[in-house]
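These are the residues of each chain, in order.
Number of protein chains: 2
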Amino acid sequence: MPDDVKTNNIDALKDLIQKRDDVAVIGLVASLHPSDIAKLFSSLEEEEKIYVFGLLDPEVASNVLLEVDDPTREKLIASISKAELTEIVDEMATDDATDVIAELPHEEAKTVLEGIDWKESAEVQKLLKYPEDTAGGIMQTEMVMIKEDATVQETIDEVRKKSEEIPNIHCVFVVDDDTKLVGTVPLEKLILAKPHLPIKDLMNSKSVKVGVDTDQEEVARIFQKYDVVTVPVVDGSEKLLGRITIDDVMDVIEEEIFEDFYRMASLSTDERVLDSASRSFRLRFPWLLINLATAFVAASVVKVFENTIQAVVTLAVFMPIVAGMGGNAATQTITVVVRGLALGELELKYAKKVLVKEVIVGFANGALNGVVAAIVAYLMGVNYMIGLLLFLAMIANLVIAGFSGTVIPFILKWYKADPALSATVFVTTCTDVGGFLSFLGLAAIFLKYGMLG
Amino acid sequence: MPDDVKTNNIDALKDLIQKRDDVAVIGLVASLHPSDIAKLFSSLEEEEKIYVFGLLDPEVASNVLLEVDDPTREKLIASISKAELTEIVDEMATDDATDVIAELPHEEAKTVLEGIDWKESAEVQKLLKYPEDTAGGIMQTEMVMIKEDATVQETIDEVRKKSEEIPNIHCVFVVDDDTKLVGTVPLEKLILAKPHLPIKDLMNSKSVKVGVDTDQEEVARIFQKYDVVTVPVVDGSEKLLGRITIDDVMDVIEEEIFEDFYRMASLSTDERVLDSASRSFRLRFPWLLINLATAFVAASVVKVFENTIQAVVTLAVFMPIVAGMGGNAATQTITVVVRGLALGELELKYAKKVLVKEVIVGFANGALNGVVAAIVAYLMGVNYMIGLLLFLAMIANLVIAGFSGTVIPFILKWYKADPALSATVFVTTCTDVGGFLSFLGLAAIFLKYGMLG
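Chains as they are written, first to last, in our numbering: chain A, 1287 to 1739; chain B, 1287 to 1739.
Derived from the structure by calculation, the hints contain no laboratory data.
Just to be clear, a hint being listed does not mean it is correct.
Stated by the list, open to error - Straight line, CA to CA, 20 Å or less: simulated SDA-like cross-link-like pairs of lysine to any residue: (1) B:K1511 - A:K1702; (2) B:K1635 - A:E1542; (3) A:K1635 - B:R1558; (4) B:K1475 - A:P1481; (5) A:K1702 - A:E1542; (6) B:K1511 - A:I1452; (7) A:K1511 - B:H1319; (8) B:K1492 - A:V1346.
Quick caveat, the model's predicted, so the values are computed rather than measured.
Model the full assembly from the supplied sequences, consistent with the hints where possible.
This is the structure in C-alpha cells:
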C-alpha cells in the first residue's frame, strides 16, 4: 500500500534535494501516485517543493497541482513560467483547468487561455461564466456524446476515440440532432449488447440529469439520492452541456458540511489547521470581536442588577451557570436544526412542529437540570431560595434556548442567509441575556418581597 | 425532474390511502424512484406509511427500506411478517442485507437468514462478523471476479452472467488460483479490448485495495485520494473478500463529519431533527448534566472570590465576558484541530507547531480584544483599573483557550478517544475556570494592594 511512502521517503528525498540530484529525485518521485506526491509536499520546505515540482512532467505536475492545498498551489504556480503553466493546464480536464484559471491574474489567465489547445480553451471560457457553486461551475465538458441514431458498434468506436483523453467515462450520453439529451447508457450495457443494435434500444430515457444553474449542494443530494457516479448537465432547453462526476461531488459534500461546522464555531471557512499564526489571527479576530460585542450586551444586563448582587453576592456565583446551560442547550438545538436544513430533511412546513418540540425539550431539560442544580447549591450550603431561583431561571432560559435556537436559523434561512451563522451571534446573545435576566430579575423580585434573606 | 413529486402528490396520495384504494395508490407510487417514495413517507402518518409499504413489491420495498430513516425502518420492519421481510431482504445486496439483519432481534434474524437464498445467507453470515465501521462492515460480496488465465471474452461472459443481479459493476477483479487479488480491469478497457486477449494484459496490477480491517474513515480517504468508484477488499493474505462502492463511502463521509459536528455540540450522533420531544430529551439530558457539573466547577471558583466581589460588585458584571470569550476562542481552536485530525492533514509531528501557533493567536486575540474591552468598560464609566483587569485576564484566558484547545484533542486522540468530545467537557471547563480565576484572582491582588478603589 502506498501509505508507507510518507514516513520512509521524506528524509531520503530531502537529502537528494539538498544534493540537487535531479535524476535520483525523479526516480524516487516517479513511482508515486500524484496524491502521494502532494502529501509528501506537506513535509517539504517551500523551496524544496518548488524544486521538485519543476522536475515533474506536465501530466504528473497537473495532477499534483490539483491535490495540494490552496496556498501551496498559488506558490507553485507563481514559481513556474507562463509557458510551463500553459503546458500543465493543457493536461487538465476542463473543470479543473477552469478552477485554476479562475484564480489567475487577468493577464496570466489570458496567456494561458491562448496557449492551451484551442478547443479546450473555448470550453474553459464557457465554463468560466458559470458561478463556482452551481452545476455549471463544477461540471466538465469531457464526455462521450452520441447521436440517437447510432449503433452500439458506433458508440463503442466513439468510446474508444475518447477513452485516451477522458478517464472515468462510466456512461455514454445519447442526444438528438439539436444535442438535446434523450438518454444515457452505462458502459456495462454497452459491453453486453449486440454491435448492430441501435443505441436507442439500450438507453435509459428517464435517467437523472441536472440543470446548469442547480446549486452544488442540490447536485450532491441528487448523487446521494440516486446512487449514481456521473450525471449529465443540461441547459433550459435540455441541451447537453457537460457532466459531473462523483469525485467532484465528494469534495462538495465535505466542503458544505465543514462550512456549517466552521460557521457555527465562528470561523472563516478557508482557515486550515496548518495556517500561519498571523493568518489565523486575522481570520478569527473579527468573529471574536462580534462575540465581544454580544458579551457586553449581556454584561449590561448584569449591570442593571448590581444592587441586587451587592445585597446577595452569592448570586454572582450561580448566575453564570444559568447563562452557560442556556448556551449549551441552544447549541444542541441549532446543530440539529442546521443539520436538518442542510440535509433537506427539515422543510419549512415542519417549523412549527420542531419549535413546539424544542420548547418542550427545553422545559423538560430545564426542570430536571434545575432540580439537580438546586440540590447541589443547597448542599453547598447556600440559602435554599437560591436553589429555587436556579430551578426557575434554568427552565426559563432553556425554553428561551429551544425557542431562539429554532426560530433564528429559520429566519436566517428565510432571508437566504446561512442558518449556521446564527449560533454565536444571535442565539448566544439570547441565552446570555435570558440567563442573566431571568436569574437576576427573579432574584430582584425575591429580594423585594423579602424572600432572599 | 422528480422533484415536483413531493409537493403535488402528497394530498392526492393521502386521499387515496384514506379510501384504501390499493390500485390507485400503487399506480401513483409505482412511477416513483424508491428514494422519492422514501421522501414521500416523511410526510405520511405512521399507519399510512405501513399501508403503502405493504403494497410495494419486494424489490421496491427493499430499496425504500434502505432509504428511510432509522425509526421509520424499525416500524416498517415490525409491521410486516417474517415471510415478507425475508422476501424483501432477499432482494438486497449483501452489505445492505447485513445492515438490516444486524438490527433484528436474534430470533427474527435467524428466521430471515434461513429464509433467504442460501448463498446470500452464507455471505451475510460472514459479513455479520466484521465490525460495522471497518471495510469489512461496509463491503458487499457481490462483484465480478475472474481467474487470471481467462480471456477478455470469458470475462465479458462473466460480466454478462453477473450484471443481472449486480448493479454498478464498474470493474472486474482478477485473482489467482488461491483467489488472491492480482489486478483490476475497468469496464471501459474491457469494451475496447480484442476478445481473445488474456485478461492479464489489460489489468492494472498496482490498483488501490484496502484491508478488511481498515477503518471506514480511512477507506473514505482512499476513495477521495485516488478518485476511484470501487475498491476491492482483501484479507491479510491478499485474498479477495468483497468490494466497496462509492455510494457507501459517501454515506461514511457524511456520517463521520456530522459525528464530529454533533459531538462538539454535546449531541448524540443518532438524534435527528424530526425526532420526538421525549427522544430528544432523553438523548440530550445526559450531556447537559455533564455540562452542569462543569458549570458548578467554574462556579466554585467564583465562590472562592465572594469577598472580592462583595468589595467591588462591578467585577460580577465583567467576569462573564472573560470566561465567555475564552470559550469562543477555544471553540475556534478545537474546531480547526478536530477538522485537521479528521482529514488527516494534522499529524502528531505537527502538534508542537500548532500548539505554538495557537498560543500566539490566543495572545494576539486576547491583547486586541482586551484593549477593546478595556476601552468599552472605561466608556461605561467604571474604574479604569477594571479595564486593565479585563485586558490582562483576556490575554491569560485566550492563551489558556489556545493551549487547552490544542492539547486536549491531541491527548484524547492519543488515548484513542474522540477529539471532538473534548469541546464541551474539558476545554470549556478550562476556559471557564481560567476566565474566572484570572479575572477575579488578579482583582483580589489589585484589591490587596489598594489598586481597586
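Tested hints:
1. B:K1511 - A:K1702: Between B:K1511 and A:K1702 the Cα gap is close to 34 Å, so the pair fails against 20 Å, i.e. violated.
2. B:K1635 - A:E1542: Since the Cα atoms of B:K1635 and A:E1542 sit roughly 29 Å apart, the hinted pair is violated (cutoff 20 Å).
3. A:K1635 - B:R1558: holds (16 Å)
4. B:K1475 - A:P1481: It holds: about 17 Å lies between the C-alpha atoms, which stays within 20 Å.
5. A:K1702 - A:E1542: Holds, at about 16 Å.
6. B:K1511 - A:I1452: Judged against 20 Å, a Cα distance of about 18 Å means the pair holds.
7. A:K1511 - B:H1319: holds (9 Å)
8. B:K1492 - A:V1346: holds (17 Å)
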